[in-house]
Amino acid sequence: MSEITSDLVRHLAGLARIDLNEDEVARFTEQLSLIVDSVAKISNAIDANTPVTSHPIPLANVFREDVVKPSLTQEQALSGAPDSGQGRFRVAAILDEE
Amino acid sequence: MSELIRKNASELLDLMARGEVSSVEVTKAHLDQIAKVGDAVHSFLHISAESALATAQEVDRRRSTGEILPALAGLPIAVKDNLTTTDAPTTAGSKILEGWIAPYDATVVTKLRNELMPILGKTNLDEFAMGSSTEFSAYGPSKNPWDLSRIPGGSGGGSSSVVSSFQAPMAIGSDTGGSIRFPGAVTGTVGIKPTYGAVSRYGLIALASSLDQIGPVARNVLDAAYLQDAIAGHDPHDSTSLTSSLGSMVEAAKNGSLKGKKVGLIKQLSGAGFQQGVRNRFAEALKLLTDAGAEIVEVDCPSFEYAIDAYYLILPAEASSNLAKFDSVRFGMRVTPEGNPTIERVMAATREAGFGPEVKRRIILGTYALSAGSFDKFYGAALKVRTLIQRDFDAAFAKADVLVSPTAPTTAFKFGEKVSDPLAMYLNDIATIPANLAGIPGISVPIGLADEDNLPVGIQFLAPAHKDAALYEVGAALEGILEGIWGKRMMDFAPELEVN
Chain S
1 MSEITSDLVR HLAGLARIDL NEDEVARFTE QLSLIVDSVA KISNAIDANT PVTSHPIPLA
61 NVFREDVVKP SLTQEQALSG APDSGQGRFR VAAILDEE
Chain Z
1 MSELIRKNAS ELLDLMARGE VSSVEVTKAH LDQIAKVGDA VHSFLHISAE SALATAQEVD
61 RRRSTGEILP ALAGLPIAVK DNLTTTDAPT TAGSKILEGW IAPYDATVVT KLRNELMPIL
121 GKTNLDEFAM GSSTEFSAYG PSKNPWDLSR IPGGSGGGSS SVVSSFQAPM AIGSDTGGSI
181 RFPGAVTGTV GIKPTYGAVS RYGLIALASS LDQIGPVARN VLDAAYLQDA IAGHDPHDST
241 SLTSSLGSMV EAAKNGSLKG KKVGLIKQLS GAGFQQGVRN RFAEALKLLT DAGAEIVEVD
301 CPSFEYAIDA YYLILPAEAS SNLAKFDSVR FGMRVTPEGN PTIERVMAAT REAGFGPEVK
361 RRIILGTYAL SAGSFDKFYG AALKVRTLIQ RDFDAAFAKA DVLVSPTAPT TAFKFGEKVS
421 DPLAMYLNDI ATIPANLAGI PGISVPIGLA DEDNLPVGIQ FLAPAHKDAA LYEVGAALEG
481 ILEGIWGKRM MDFAPELEVN
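Chains S and Z are the protein sequences, given in the same order.
The first sequence lines up with residues 1 to 98 when you count with my numbering.
The second sequence lines up with residues 1 to 500 when you count with my numbering.
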């Protein structure tokens, strides 16, 4: 049985900054339980000595010359922002007032 | 229907080069078809008629002065809407980006512009390319031109339906687990996922960065080859893009051959559990390969059994991280709850309102796979399975030049059939996912219609990394044999679209 509970789904949604409604919590709890139970069988395929592969093609560090090149203007960088002012992104308060 | 739109891209290029038809005429013919069938098929999220015609006019003007133009100049194309464009909105099929205009062009878009290709518009996709049917697009699904009650595949169902309904001769797709090849298979078109890194991902809105690859969508193998040659190449903006050239795909497609080729039949994907009509066409195709001088050898890839499971841990893990950028600060939607909310509550309200169900499901699954306590058991284990899959491919390619399987277990299914059952939906990609996990190239080529539903079936060839040319060689050869038998092209079997 999977360990996916509605409380866990609420917790994960909180970490992912998604304000799920209760219908979604119920539906995702059920669906994610099925998915997690299904994918958990990968543990049968591997052992402690199997190396991990995080990337399909071997790559070494890729460097470039440290020179200034043309990039977005401040106006372009702000062009898609929902709110901006004085050349900056404008957002709600970071900290609660209390 | 204008005769022009039924022509292959390579034929249109010849006609334009000889001055028998202008780019404006070709572009107008496709815009007329978009006006005629566009609403019924719902392939486009944005149509750029004016700028496409302006590009076409420029091509005609420059050609008339005798200027030597790029290879694909004047040929119209459609672009999947997860590639950024400065002159048209980019939504990735999501409400959270509705109306957003990117401040820069994707490298692939820049290359299309440099080729002087009129860009007809942006094509529909499952939200952030998460899905196999376009039913998860926030803007409604695209339809399969072979049967409007069925899915055109996904996530690139906009691009596959555009090309299969003659609204564009070719299109750009992106393939993370089959999003080019599966739509190709179910719409009777050709789709290719190049080797990882062959095409720059700069400006592609990332789904899973270690799996994503941009590639061509076309109605035949040679046309796809022209497009891959135009979009491939190193890009300093994408540090994962390959620094070495893979050679000319057009050359490979024109010299298609099966003689002496060793074709590995993947034991785990040889059709068990697949739809009977898919198995029948696949078996016939194998016979044709043998008749043409190829040798079929069976290869064993035992770890493929775990490919979907590993994929549905790696992809959500990477996606949950990539999609953190949609935070209501720098671009896209912002929803501010009542009262005096903190930014954290604004983000959570925005992401709740802006993301659809599949995106939320995968972000939460990915957050789980990466969380302390689950990391080794899920994400870490999936990365180990990835190693095993690569080893299976290495062993298989020691015995064979290319591998072969059906592209998908079924033909196009009906809308609503799988949308509420995520696990059933995920199985569509069972044959396509291993290539993404290993970074190798794959092609889907149409091989006829299934007996039970008269819908297209695709065959998939896979090649070792960097050997994309081998796919074009065998794909073009098999296509040529089939067209010889049929006496026509695959899309000539398609029924006339019923539009009001």
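These are calculated hints, taken from the structure and not from any lab test.
Check before you lean on any hint, since a few could be wrong.
What the hints assert, rightly or not - Not the full set, but computed from the structure, chain S residues with beta-carbon under 10 Å of chain Z:
id	residue
1	9
2	28
3	53
4	61
5	64
6	66
7	77
8	86
Claimed, not checked - Keeping only pairs whose Cα atoms sit at most 27 Å apart, straight-line, the calculated DSSO-like set for lysine-lysine is:
id	chain 1	residue 1	chain 2	residue 2
9	S	41	Z	325
10	S	41	Z	267
11	Z	28	S	69
Yeah, the Cβ is synthetic: ideal placement off N, Cα and C, and Gly gets one too.
Hints, verified against the model:
no.	hint	result
1	9	6 Å, holds
2	28	6 Å, holds
3	53	4 Å, holds
4	61	9 Å, holds
5	64	7 Å, holds
6	66	14 Å, violated
7	77	7 Å, holds
8	86	15 Å, violated
9	S:41 with Z:325	32 Å, violated
10	S:41 with Z:267	20 Å, holds
11	Z:28 with S:69	39 Å, violated
Going through the hint list in order, the structure does not satisfy hints 6, 8, 9 and 11.
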